[in-house]
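Here the structure of chain U is known, so what remains is to put chains G and B with the ligands in place on it, guided by the hints.
Single-letter residue listing:
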Amino acid sequence: MADTITEKPILEVRGLHAGYGQVKVLHGMDFVVNTGGVTALLGANGAGKTTTLRAISGMVRTTGDILYDGERINALSTEAIAAMRVGHVPDGRGTFMELTVEENLKLGGYTRRDDTAADLERICTYFPKLKQRFRQQAGTLSGGEQQMLAIGRALMIKPRLLLLDEPSFGLAPLIVREIFEIMRQIIISERTSILLVEQNASLALTIADMAYLLETGRIVMSGPADEIRRDESLRRSYLGY
Amino acid sequence: MPNIPPQFGIFLFIVAAAVLPLVFASGYQTFQLTMVVIYALSVLGKNLVTGFGGQVSLGQGAFYAVGAYTAAVLMDQWDVPYWATLPIAAITSGLVGLMLGLPALRLGGLYLALVTFALAISVPQLLKYKAFEGWTGGVQGIVVSKPDAPFNLPISSDSWIYLFSLAVGVVFFLAITNLVNSRIGRALKAIRDQPLAAEAMGVELARYKTLTFGVGAMVTGIGGALSAIAVGFVSPDSFTIALSLTLFVGMVVGGASSISGAIYGALFIQFIPNIAEEISKAIPGVVYGVILIAVMFFAPGGLAGVIANQLRRLRAARVVGTGRAPS
Amino acid sequence: MEGVLHQIVSGIATGGIYASIALALVMIFLATHHINFAQGEMAMFSTYIALTLLQLGLPYWAAFLATLVFSFVMGVILQRILLEPLANAPVLASVGAFLGLLLIFNNVAGWLFSYTLKPFPSPFGVGDPMFGGMFSRHELGSTVVTMAVLLSVWAFFRFTRLGLAMRGAAYNPVSSRLVGVPVGRMLALGWGLAAGIGAIAGMMVAPVVFLDPNMMGGVLLYAFAGALLGGITSPLGAVVGGVMMGVIENLAGAYVVGTELKLTTALVIIVLVLVVKPSGLFGKALASRV
Ligand SMILES: Nc1ncnc2c1ncn2[C@@H]1O[C@H](COP(=O)(O)OP(=O)(O)OP(=O)(O)O)[C@@H](O)[C@H]1O
Ligand SMILES: [Mg+2]
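Protein chains in written order, with our numbering: chain U, 18 to 258; chain G, 16 to 342; chain B, 2 to 291.
Here chain U stands alone, though its shape is the one from the complex (with noise of 0.2 Å):
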């Protein structure tokens, strides 16, 4: 997939410093996102994955620059980044508990003028279990469900850039291959861009043509995800497996 990507980069990070009152957490990052392809952003826990994806999305303070499609989004407001159809599948997975699954993702349309229904056909195509469960309460969905519907709700948006958070995190084995299995078809049908950030670093490099390893805010290697996997002195002096 690599070598297909010609036009300019999607998201373009540089020099990005952000945190949480005193607490400073990424300190200098710098990494792109090319456009139609999936880079991963790897590492351990309190790296700051989850706190990059929040900088994209406008929800800490930030100083650096976060280029989105050209333009510089760190003064934006989070719902004005949502407007320009950035997808954010957030850490913990964000579910509306008390409104039904349809609403979840109706309520992932919000921006849009144009008719959803075809999208929310669509979408569903993708998670049959979603269909099932429709007009149920999603606080009710299984961990395994709210991902799905996770994922459904940011497609809503008919994201041109899509952050997905740890999608695998708290699920079965099998539960996690059937979510990366269907994210395969997304990859593969919706020509979204995607920012993954997972733990489970061999699970990602399947999925991903960049990737980028991030240790205490700071991007410690680089590189396409096919080499990485095949060096098997790189994964395990970086990625321990």
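Since the hints were made in silico from the structure, they are not lab data.
In silico DSSO-like pairs for lysine-lysine, Cα to Cα no more than 27 Å straight-line:
#1 143/G <-> 161/G
#2 25/U <-> 175/U
#3 146/U <-> 175/U
#4 263/B <-> 278/B
#5 143/G <-> 119/B
#6 175/U <-> 148/U
#7 143/G <-> 263/B
#8 119/B <-> 263/B
#9 263/B <-> 145/G
Leaving out everything else, chains G and B with the ligands in the frame of chain U:
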């Protein structure tokens, strides 16, 4: 500069508060000062609940009313001497506080605010209720005669009531100060600031909360009892929601988590309305409302907080000014 | 028997008013976890605006509509300048601000419009009681109006994109922003809507109780009781609880405690609910952090 212990300052303040009005104040002014003491005590009860206990009570006027009616009924029906009504008023208001506090405290802040607000609204109706009329005098209320100074002291009734209230006030201010600085007080602060941690450390949240609420209701009730003695009259319409709101304003303006704040708050609610009322009957309420919101925005610590900040700044300025002390 | 039926029917009429205020309270509570102690006074103030417009010669329904617009704007402005900055403040700060609002509305109304009781017209006329004395014209009319309001509010939240976004913003502000919902604006809209609902309740109750700055004290108390009875986290509960409170008030007034203890009845219900079932009939159990 010689080091004066703070106790000495407090002592001087008390003596001045006792003596000066006897010499300089007119009868009405003395009465106003009595009301300041009474309000200070009532606000103190509220500070204990809210400022130190972290629970928002909006119905402190109800406990004030219970105290006032207890005192008035005892004096009116059974000729109980005025000073003997205070302990009984303390018990009745404390008990009513516990009864209402128990269910709400279990559930947390806003529920307590709701229940006490509801209580404050319904107090006048309860006091007017026919079944209690034999005791409460219904809409008419109860008139009690003001006590004279004992031992043929050559001072007026108003002056005596002032001294009496001041003595009671001083006792409770000192007692509450000690309480707040004791182990119980530290537990209370822990509960207010870190409820989860406090619970993990084995502090029994519910018991302390309920206890503070009861003690707070009691202190306010004593304020109410003193007011019945000082005013010589109780009636349902003196204990509307407006009273509870007034005490709330006193607490917030003075500074909820400060002992001395109760005194500033009391001075405020006693004198500001008088000044404002000269413009229009509605003005005090508007002033209260505006000041309440302004305090929330600009000085959440109330007057006590502002004064403490100024003192700190002054002290800092002095240290800078004198440079390093010679060794 | 007919007496009981009459009490119930007319209880439903006042219950509709309690239900409206209770719904306004619950809407604000769900969105902000605050209880708007000034909800009643805001409604009272709106009713004075309506009276002023009527006195200026506006036809009733024109004044009614203009009052709705005024109240909506008032609610939006209050949320923006006063409550937004206090959104994350401790409970005492928000309660203080609400009580400040209560005092300001109450006393400004007294100042501008005096404290004397004023008659407020009913758009449904006085006329004879209907259905064999069961309903007065105003009772019937105001029941229809409040029920229509409650139904349209329900439909708005249930079926419109904006209503869905407002619910989302109330339940989960973080996720709402991530899907592009401007949460602050939704809260302001909620405040405007709540103020509008309150205004209608005020205009419907004023012909019965007469208009004065303290008109809403008792209504607010019954609305609190209704909201708690139904469950403070449930809009449907607020409506059911509010209507129930109207009926309870009438039955208790007629057969149990007499009219002199109306307010106390509400207090007792509040305490009973908190002792027996704090989450109310329809609500969820609440985390005690609130
Ligand atoms: N809301 C917050 N306030 C203060 N500090 C925070 C907050 N959220 C995260 N942090 C801190 O920022 C650092 C990075 O956290 P972040 O959630 O970005 O890590 P992560 O890489 O996503 O980890 P994980 O794999 O566990 O999700 C951590 O040290 C964390 O303690
Ligand atoms: Mg994370």
